[in-house]
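**Q** Residues per chain are reported as follows:
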Amino acid sequence: MMKKTLVGLALSPVLLLGTVGCKKDAPPPPPVATAAPPATTLPAPIAVSTVTLGNAIGADKKVAVPAETFTAKDTIYASVETTGVGQARLRALWSFVKGDKTAKVDETTIELNAVAPTVNEFHVSKPSGWPAGDYRVEIFLGDAATPAATKAFKVG
Amino acid sequence: MTSEDKKKDDGMPDFSDVQSGASSTAPAASVYETYEVKAGDSLSKIAKRVYGKGASWQKIFDANKDILKDPNKIFPGQKLKIPK
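Sequence lines, in order, name chains A and B. Residues in the first sequence are numbered from 0 upward in steps of one, following numbering that gives the first Met the number 0. Residues in the second sequence are numbered from 0 upward in steps of one, following numbering that gives the first Met the number 0.
No wet-lab data here; the hints were simulated from the structure. Any given hint might turn out to be false.
[Stated by the list, open to error] List time: in silico EDC-like cross-link candidates among lysine to aspartate or glutamate, alpha-carbon distance up to 16 Å:
hint, chain 1, residue 1, chain 2, residue 2
1, B, Lys52, B, Asp40
2, A, Lys103, B, Asp9
3, A, Lys103, B, Asp61
4, A, Lys97, B, Asp13
5, A, Lys100, A, Asp73
6, B, Lys80, B, Asp40
7, A, Lys153, A, Glu137
8, A, Lys100, B, Asp9
9, A, Lys72, B, Asp16
10, B, Lys83, A, Glu110
11, A, Lys103, B, Asp13
12, B, Lys44, B, Asp16
13, B, Lys47, B, Glu32
14, B, Lys80, A, Glu110
15, A, Lys97, B, Asp9
16, A, Lys100, B, Asp13
17, A, Lys153, A, Asp73
18, B, Lys37, B, Asp13
19, A, Lys103, B, Asp65
20, B, Lys78, B, Asp40
21, A, Lys150, A, Asp59
22, B, Lys78, A, Asp142
23, A, Lys103, B, Glu35
24, A, Lys103, A, Glu137
25, B, Lys47, B, Asp16
Chain A extracted, bound-state conformation (with noise of 0.2 Å):
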């Protein structure tokens, strides 16, 4: 008798299992209802938005007066707005430029970690004064060989 209930005990899960596994006409448990995935917006990367330039800045690195056309003695402000956040390096190129001749003047670079928008002023002077003509300046990002942004200007 004992063993005829163990034996029954130890079938009975089987059987249960059996049973369950056996009903095909169930129908299919509902979708379980499960939240969208947030969604990932990556970061943008740091572009340059704006340059311009200028003989001053505020206290916010922007130039308040734009100008294309400057002085013997006077300081020239470039201006650079970027968008985006992450890590960049930003390098300004100054040039005199004399028909198809160009003359480095200066070569600036700020390293940066931007977490928002940002204003980053470069400025040049030359105490003996700029010699009159016409020259440029050349914003580049990173590594590109080719700027992000280029502005001419004049002294004279």
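Position chain B relative to chain A; hints supplied.
**A** Leaving out everything else, chain B in the frame of chain A:
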């Protein structure tokens, strides 16, 4: 002689006395000038020109340890970072 009169061999003006700088609203931004080494340069000569003190050569050496192993060995054409 004005700066306009002072021209280099290629007929272009001399810009060796140009002073420059930069700054950013980004926190902890670092600024440096790129200087191309010319024949006869030494770190102390460059430091004298840039900072007004030859003794500040160590600052330039420290900023360029990735390309300079010996402060007495720099070569024409090398591009050095000059911290501002």
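**Q** Hints first: check each against the structure and report whether it holds.
**A** Evaluation of the provided hints:
1. Simply put, Lys52 of chain B and Asp40 of chain B have alpha-carbon atoms about 15 Å apart, close enough for the 16 Å limit, and the pair holds.
2. As the CA atoms of Lys103 of chain A and Asp9 of chain B are separated by approximately 13 Å, the hinted pair is consistent with the 16 Å bound.
3. The straight-line distance between the Cα atoms of Lys103 of chain A and Asp61 of chain B is roughly 25 Å, outside the 16 Å bound, and the hint therefore fails.
4. Under the criterion of a C-alpha separation no larger than 16 Å, the hint pairing Lys97 of chain A with Asp13 of chain B is consistent with the structure, at around 13 Å.
5. With a C-alpha separation of about 23 Å, the suggested pairing of Lys100 of chain A with Asp73 of chain A is violated against the 16 Å cut-off.
6. Restraint check for Lys80 of chain B and Asp40 of chain B: satisfied, since their Cα atoms lie roughly 15 Å apart, inside the 16 Å limit.
7. Note on Lys153 of chain A and Glu137 of chain A: the hinted pairing holds, with a Cα-Cα distance of about 14 Å set against a maximum of 16 Å.
8. Between Lys100 of chain A and Asp9 of chain B, the direct Cα distance comes to roughly 9 Å. Compliance with the 16 Å bound is thereby established for this hinted pair.
9. At roughly 13 Å between alpha-carbon atoms, Lys72 of chain A and Asp16 of chain B fall within 16 Å of each other, so this suggested pair holds.
10. Between Lys83 of chain B and Glu110 of chain A the alpha-carbon distance is near 12 Å, which keeps this suggested pair within the 16 Å criterion.
11. Annotation: proposed proximity of Lys103 of chain A to Asp13 of chain B holds, straight-line Cα distance about 10 Å (limit 16 Å).
12. Between Lys44 of chain B and Asp16 of chain B the CA atoms are separated by roughly 14 Å; this keeps the pair inside 16 Å, and the hint holds.
13. Pair hint Lys47 of chain B plus Glu32 of chain B holds up; C-alpha atoms about 15 Å apart against a cutoff of 16 Å.
14. The suggested pairing of Lys80 of chain B with Glu110 of chain A holds, with an alpha-carbon distance near 12 Å, which does not exceed 16 Å.
15. Restraint check: the Cα-Cα separation between Lys97 of chain A and Asp9 of chain B comes to about 11 Å, which is no more than 16 Å; the hinted pair holds.
16. Note on Lys100 of chain A and Asp13 of chain B: the hinted pairing holds, with a Cα-Cα distance of about 14 Å set against a maximum of 16 Å.
17. Restraint check: the Cα-Cα separation between Lys153 of chain A and Asp73 of chain A comes to about 11 Å, which is no more than 16 Å; the hinted pair holds.
18. Distance check on the hinted pair: Lys37 of chain B and Asp13 of chain B sit about 14 Å apart at the alpha-carbon level, within 16 Å; holds.
19. As the CA atoms of Lys103 of chain A and Asp65 of chain B are separated by approximately 25 Å, the hinted pair breaks the 16 Å bound.
20. A hinted pair counts as satisfied when its Cα atoms are at most 16 Å apart, and Lys78 of chain B with Asp40 of chain B qualifies at roughly 12 Å.
21. This hinted pair does not check out: Lys150 of chain A and Asp59 of chain A have alpha carbons roughly 21 Å apart, beyond 16 Å.
22. Of the pairs offered as hints, the one joining Lys78 of chain B and Asp142 of chain A holds, with about 15 Å between alpha carbons and a cut-off of 16 Å not exceeded.
23. A distance of roughly 11 Å separates the Cα atoms of Lys103 of chain A and Glu35 of chain B; the hinted pair therefore holds under the 16 Å criterion.
24. The straight-line distance between the Cα atoms of Lys103 of chain A and Glu137 of chain A is roughly 11 Å, inside the 16 Å bound, and the hint therefore holds.
25. For the given pair, Lys47 of chain B sits about 13 Å from Asp16 of chain B by alpha-carbon distance, which is consistent with the 16 Å threshold.
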